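Visitor: Residue numbers (our numbering), protein chains in the order written: chain V, 1 to 127; chain U, 1 to 349.
It is worth saying that the hints were derived from the structure and are not from the lab.
You may find that some hints are simply not true.
Keeping only pairs whose Cα atoms sit at most 20 angstroms apart, straight-line, the calculated EDC-like set for lysine to aspartate or glutamate is [stated by the list, open to error]:
no., chain 1, residue 1, chain 2, residue 2
1, V, Lys63, U, Glu90
2, V, Lys63, V, Asp19
3, V, Lys63, U, Asp178
4, V, Lys63, V, Asp78
5, U, Lys113, U, Asp251
6, U, Lys248, U, Asp31
7, V, Lys63, U, Asp44
8, U, Lys349, U, Glu90
9, U, Lys113, U, Asp148
Quick partial rundown of chain V residues pointing at chain U, CB under 10 angstroms, derived from the structure [claimed, not checked]:
no., residue
10, Val3
11, Asp37
12, Val62
13, Glu84
14, Ser88
15, Asn91
16, Arg103
17, Leu104
18, Gly107
None of these values were measured; they are calculated from a predicted model.
C-beta: ideal position from N, C-alpha, C; glycine also.
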Amino acid sequence: MSVPAELRYTPEHEWVSVDGDAATVGITDYAAQQLGDVVYVSLPALGSEVTAGEPCGEVESVKSVSDLYSPVDGEVIDVNADLEDDPSLVNSEPYSTWMFRVRLPDGEVPGDLLSPAEYEELTQSAG
Amino acid sequence: MTDFAGWRMPLRYSSERTEHLAVRHAAGLFDLSHMGEIMVTGPDAGAALDYALIGHLSPMATGRARYTMICAEDGGVLDDLVVYRTAEQEFMVIANAANTGTVFGQLSVRAGKYDAAVRDATAEYALIAIQGPAAVPVLAQVTGNSLDLNAMKYYAGAFGEVAGQRAWVARTGYTGEDGFEVFCDPADAAAVWEALEEFGAAAGLVAAGLAARDTLRLEAGMPLYGNELGPDVTPFEANLGRVVKFDKPGDFVGREALAVRAAAGPRRRLSGFTVGSRRIPRHGYAVLAGGQPCGAVTSGAPSPTLGVPIAMAYVDVSVSEADPEFAIDIRGEAVPATVTDLPFYRRSK
């Protein structure tokens with residue numbers, strides 16, 4: 001299981017990459033492994049407002065449906081259309097398969113995101 | 001890993017889709033040691049089972065197997081079973097893990113007036129299944145001369161040696177493919193498993209978990225107790241009326257109620273559906289006709305073979321006879337669904 005050093009994380013197993021005032025969001029390798037083969041991803045609508053810690057979509061695998069949470073507040077400025085055709089990208093390349101991008105109000109990165117070390121610790125304590 | 005009826009079970013070893021396709025095209029190896037083994041022995045063992053179950057077991061030859069069920073007095077299904085006749089006076093009843101206690105208890109009571117002993121032997125057996133078109137050539141490499149696998153009929157079994165260990169080997173399974181189930185001493189299970197993995201690798205055999213087992217049996221239209229079968233379901237509703245042997249002599253538990261249900265005809269029937277979406281119809285989701293609920297999904301999954309989600313559902317017979325446009329309510333969205341003949345998949349012989 002990999003936890004890239006350049007990303008930030010949430011306890012709900014999303015990863016976040018911040019570039020300027022845009023945050024890019026996906027789910028972690030750990031989450032993808034726990035879910036098993038992903039068959040469907042429901043993403044927030046383009047232009048919609050998402051709220052940190054609130055569900056904004058769904059990730060459906062063979063065995064389960066899980067909420068997708070937004071790690072940040074802001075407007076959805078892009079969604080990954082490739083996932084419509086090939087949701088299994090989430091399993092094969094979890095960190096290059098982003099799900100949606102959010103414009104951060106005032107370009108501020110929330111302070112409560114987890115560092116790679118903190119996230120790794122969280123997944124290990126979860127067994 | 002997941003908890004399943006008190007057992008720690010592998011949901012998947014790698015990817016459930018990969019495991020599923022390996023079983024369809026090569027072979028998969030399953031650890032099914034959670035299944036219950038209940039031995040019914042004695043001069044009247046066959047007669048006791050004829051009374052306790054809805055099948056006719058006493059005329060079955062040694063070395064053969066039957067799919068059957070144990071029903072309650074009211075005709076509801078308590079479990080579906082495979083019964084092997086392992087000797088003239090010995091039957092091995094295979095129960096679902098969650099129902100082993102119920103089946104053992106009911107068989108003990110129902111066999112009370114017969115000269116037959118009932119014993120829960122679940123802890124005495126590990127069960128390893130090898131399923132898929134490569135099952136015969138792979139298993140044959142580790143059974144030596146002890147078994148003629150090619151000659152073994154479907155739903156037959158025999159004692160033999162697997163990786164040098166004594167085992168009951170049966171041509172049965174729950175995947176819709178050719179394959180075998182190997183019942184052995186738990187102390188020998190690791191040796192059996194490792195030998196099959198080693199000799200199967202070249203043929204493309206992979207270890208397969210519960211998730212693949214579920215999608216394989218669903219494609220094959222096979223019921224799962226707790227989903228398609230339960231105490232509130234009769235065999236007729238599950239399209240399994242043929243399993244009820246009304247023509248066998250003597251009484252059996254549930255006969256009267258089942259006869260009434262057979263004469264009346266089922267009010268709902270198990271039906272197959274495919275949906276035109278990637279979203280999965282799941283257990284409990286409503287089936288809609290003209291926007292109105294007319295049934296409920298019992299099992300649903302993406303079908304790796306068909307490439308679309310599939311589901312089995314109980315649907316009111318009065319509605320399905322009108323052949324309406326169906327939909328399945330997938331978390332608030334009515335997704336169009338098409339009635340599809342069961343099974344969804346049948347292997348070419």
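Visitor: Please go over all the hints and tell whether each is borne out by the structure.
Guide: Against the structure, the hints come out as follows:
{"no.": "1", "hint": "Lys63/V to Glu90/U", "result": "violated, 39 angstroms"}
{"no.": "2", "hint": "Lys63/V to Asp19/V", "result": "violated, 34 angstroms"}
{"no.": "3", "hint": "Lys63/V to Asp178/U", "result": "violated, 25 angstroms"}
{"no.": "4", "hint": "Lys63/V to Asp78/V", "result": "violated, 28 angstroms"}
{"no.": "5", "hint": "Lys113/U to Asp251/U", "result": "holds, 13 angstroms"}
{"no.": "6", "hint": "Lys248/U to Asp31/U", "result": "violated, 35 angstroms"}
{"no.": "7", "hint": "Lys63/V to Asp44/U", "result": "violated, 44 angstroms"}
{"no.": "8", "hint": "Lys349/U to Glu90/U", "result": "violated, 32 angstroms"}
{"no.": "9", "hint": "Lys113/U to Asp148/U", "result": "violated, 39 angstroms"}
{"no.": "10", "hint": "Val3", "result": "violated, 21 angstroms"}
{"no.": "11", "hint": "Asp37", "result": "holds, 5 angstroms"}
{"no.": "12", "hint": "Val62", "result": "holds, 5 angstroms"}
{"no.": "13", "hint": "Glu84", "result": "holds, 8 angstroms"}
{"no.": "14", "hint": "Ser88", "result": "holds, 8 angstroms"}
{"no.": "15", "hint": "Asn91", "result": "holds, 7 angstroms"}
{"no.": "16", "hint": "Arg103", "result": "violated, 28 angstroms"}
{"no.": "17", "hint": "Leu104", "result": "violated, 30 angstroms"}
{"no.": "18", "hint": "Gly107", "result": "violated, 35 angstroms"}
The structure is inconsistent with the numbered hints 1, 2, 3, 4, 6, 7, 8, 9, 10, 16, 17, 18, although it conforms to all the rest.
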